[in-house]
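J.: What follows is the residue order along each chain.
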Amino acid sequence: MKLSTPLVTLAIGAVLAGGLVVANVVNSARPETAVAATVPNPDPSDSQTSIAGSDPVKDPAAERAANRQAAAELRAQQAKATQDAPAPAAATVTWTYKGAVAGTDLTAAISVTGEEAVAYVCDGESVEIWLYGTATDASLDLAAASGETVTGTFTPDLVGGVFTSSDGQWTLSAASAQWPDWAPPIADGPGQA
Amino acid sequence: MTAVSDSYLPTAAPTPARAAGALTLLVLFAAGAAVAIGTGVYGSLHEPAGIAVNIAGFSGPLEVKVWLTSLAFVLAIVQLVSALVMYGRLPLAAGARWWGPLHRWSGRLAFLTTVPVAIHCLYALGFQSYDTRVLAHSLLGCAFYGAFTTKMLGLSRKGMPGWFMPVLGGAVLTGLVGLWLTSSLWFFTTFGIRF
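These protein sequence lines are chains A and B, in that order. So for the first sequence, my numbering puts the first residue at 10; every next one is plus one. So for the second sequence, my numbering puts the first residue at 17; every next one is plus one.
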């Protein structure tokens, strides 16, 4: 019986796809896996850490690479944590908040799912910071690969805390907000290509 | 590859090739539609993992993807040229016997090149619609594999109508070019050429 080459092509593609999915499932629990969803800062000249513009840009490329590496590790750890835990994940609710860092141009979006928290802080121009961390009891504790932190407390309605960067500390407050339908879930992290 | 033949070429089979009926076409298109819809449903339902396996040598998975997609895009141009020659639309070395093999092998390679990219898209990112580019990319990705499936299934049958291959080939080519435009070109113009 002769095989048809187009069908062989399809079959090889399907087998390759299946193998890759299996490799992904197996590897996604390991910390050394690369992060997929980290999009570099759109403007190469931007510094991701300079909040008030006072922090001189060192090497943006190296900085981004370091950010990406650290974010990858954080996310991989989180992925591992989610996999290892018996995960009542299906039942957990995601709370989303939007707010601002007082005294700066920064706005903040925060998402809490179970014991995981993700925050996105940006000024709409040059600063864009993703912070990852924990939400235990009523406490938030998040850190960015580039060193910034957000700590504070939260209720289903409000977040009150402190945003810390190398430039200083500011009060951060946010209120419960409906996440817009058009926006990707913040818990997904930085965007994609 | 002795056990493998290009069965859409004339063979010594005694039975004459019957023209494919409407039912055959329906089944082929239904299979392609099932692949496209299944891909989209998986991309929507699967919780995006955010991470996926990477290829060494690139700075990140997005770089891997945009370059693999670019390779597929270049091969797609080979596909277009070789198809035009085989259909007599380009007077380029028209008698040469290698256009067919070139078309088949560049096509195979292009298809296999896209698979790791697509798996990364589906596994790590999922079907998304938060802006026009991303929605177009998601839809094109699903449609591409649907059209490709229909074309491959059609190739393995005899007596397909004359419009079948040009239409399906055109759909596959359009899909791939659209995918490249909405991912690699966007990436290169947004972040610059990087590896």
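FYI, nobody ran anything at the bench for these hints, they're computed from the structure. Just so you know, even glycine gets a beta-carbon here, dropped at the ideal spot from N, CA and C. There could be a bad hint or two in this list.
[To be verified] Here are the in silico distance ranges between beta carbons for each label pair:
#: 1; chain 1: A; residue 1: V17; chain 2: B; residue 2: M102; range: 32 to 42 Å
#: 2; chain 1: A; residue 1: A23; chain 2: B; residue 2: G186; range: 41 to 51 Å
#: 3; chain 1: B; residue 1: G54; chain 2: A; residue 2: A147; range: 18 to 28 Å
#: 4; chain 1: B; residue 1: L106; chain 2: A; residue 2: T103; range: 53 to 63 Å
[Said to hold, decoys possible] Facing chain A, according to a computed beta carbon distance under 10 Å, are these residues of chain B, among others:
#: 5; residue: I93
#: 6; residue: T130
#: 7; residue: K167
#: 8; residue: S172
#: 9; residue: T190
J.: Indicate, hint by hint, whether the structure satisfies it.
T.: Results for each hint:
At about 21 Å, the CB distance of V17(A) to M102(B) disagrees with the hint of 32 to 42 Å. Range check, A23(A) to G186(B): about 24 Å between beta-carbon atoms, so the 41 to 51 Å window is missed. Taking 18 to 28 Å as the suggested C-beta distance range, the pair G54(B) and A147(A) does not conform, at roughly 43 Å. A hinted range of 53 to 63 Å for the beta carbons of L106(B) and T103(A) is consistent with their spacing of about 55 Å.
Annotation: I93(B) was flagged as interfacial toward chain A, and the flag is violated, the nearest CB pair being 19 Å apart, outside 10 Å. Interface hint at T130(B): satisfied, since its Cβ lies 9 Å from the closest Cβ of chain A, which is below the 10 Å cut-off. Hint on K167(B) holds. Least Cβ distance to chain A is approximately 8 Å, under the 10 Å limit. Below 10 Å, beta-carbon pairs count as interface contacts, and S172(B) has one with chain A at about 4 Å; its hint therefore holds.
About 19 Å separates the beta-carbon of T190(B) from the nearest beta-carbon of chain A, more than 10 Å, and the hint is not met.
Taken one by one, the earlier hints fail for this structure at numbers 1, 2, 3, 5 and 9, listed in ascending order.
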